[in-house]
Amino acid sequence: MALTLFYITSAVAVFATGMMITRLNAVHALLYLILSLLAVGVIFFLLGAHFAAVLEVIIYAGAIMVLFVFVIMMLNQGQKTMEQEHAWLQPGIWIGPSLLALILFVELLLIVVLGDNAETGHVVDSKQVGIALYGPYLLAVELASLLLLAGLVGAYHLGKPMIKTKKSGGNS
Amino acid sequence: MNEIPMEFGLLLSFVLFALGLIGVLVRRNLIMILMSLEVMLNATGLAFIVAGSRWGEADGQIMFLLILTLAAAEVGVGLGLALQIFHRFHTLDADSVNEMKG
Numbered sequence: 001m002a003l004t005l006f007y008i009t010s011a012v013a014v015f016a017t018g019m020m021i022t023r024l025n026a027v028h029a030l031l032y033l034i035l036s037l038l039a040v041g042v043i044f045f046l047l048g049a050h051f052a053a054v055l056e057v058i059i060y061a062g063a064i065m066v067l068f069v070f071v072i073m074m075l076n077q078g079q080k081t082m083e084q085e086h087a088w089l090q091p092g093i094w095i096g097p098s099l100l101a102l103i104l105f106v107e108l109l110l111i112v113v114l115g116d117n118a119e120t121g122h123v124v125d126s127k128q129v130g131i132a133l134y135g136p137y138l139l140a141v142e143l144a145s146l147l148l149l150a151g152l153v154g155a156y157h158l159g160k161p162m163i164k165t166k167k168s169g170g171n172s
Numbered sequence: 001m002n003e004i005p006m007e008f009g010l011l012l013s014f015v016l017f018a019l020g021l022i023g024v025l026v027r028r029n030l031i032m033i034l035m036s037l038e039v040m041l042n043a044t045g046l047a048f049i050v051a052g053s054r055w056g057e058a059d060g061q062i063m064f065l066l067i068l069t070l071a072a073a074e075v076g077v078g079l080g081l082a083l084q085i086f087h088r089f090h091t092l093d094a095d096s097v098n099e100m101k102g
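Protein sequences appear in the order of chains A and B. Per the working numbering, the very first residue in the first sequence carries number 1; after that it's consecutive. Per the working numbering, the very first residue in the second sequence carries number 1; after that it's consecutive.
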């Protein structure tokens, strides 16, 4: 049971990733990338890593992808925005990702309906993760927080409106 | 109980990593390169989760958490760099950024 679901989800993940690296439009690629991340999240769930599955959906497919959407939207300002938006709203672009998402949704429903009978992998619950995280791995947590602080400062510095330099190619 | 063999999980992780690597090597758009990097980091996390599930330990998920923070920081800085490059060169082509004189 779980093995079949695993195969289907793997196929969805590989297919979505393959579509992602061959799309010409960044937004279309982003749709397939989100699908790939969601599929990997379902695989985490099937493997028994529920906490990691939740984090995958919330942080990867939620927060990090929203950053991508923001930047893509910021970079597409200009005269062409209107017809681009018009082209993006055409039906047909989102049908592929929607079908793949539907597959994942049906799998999820199946797991929920089966309840405890769904034989997922060895469940490592979030309590164990939390105990290990703030026990032996405390130093790693501190280092991760430092890394996030460095990333925050770096992103703030790089994201500032650019100081006016000489026309194009000015390096300073 | 654990009926998903570890080999399949590791194989999927390898395939996803290879796809991400191909994306990084083939695409020249900076946004696409960053997305492919995300796929590669995600595949690495999948390998850790598979190993953690195989041994029933929490260490795999903790490594995944650390990879997650790394990916978040990397995306923040990478997208900031992409914005600066776009403002400076008016393109997202990675090959256009070849004017650094070290």
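A hint or two may mislead.
[Unchecked claim] Have a look at the derived ranges for each label pair, beta carbon to beta carbon:
# : chain 1 : residue 1 : chain 2 : residue 2 : range
1 : B       : 101       : A       : 103       : 42 to 52 Å
2 : A       : 150       : B       : 28        : 23 to 33 Å
3 : A       : 105       : B       : 18        : 25 to 35 Å
4 : A       : 147       : B       : 87        : 36 to 46 Å
Since the hints were made in silico from the structure, they are not lab data. Every residue, glycine too, gets a C-beta built ideally from N, C-alpha and C.
Check each numbered hint against the structure and report the violated ones by number, ascending.
-> 4
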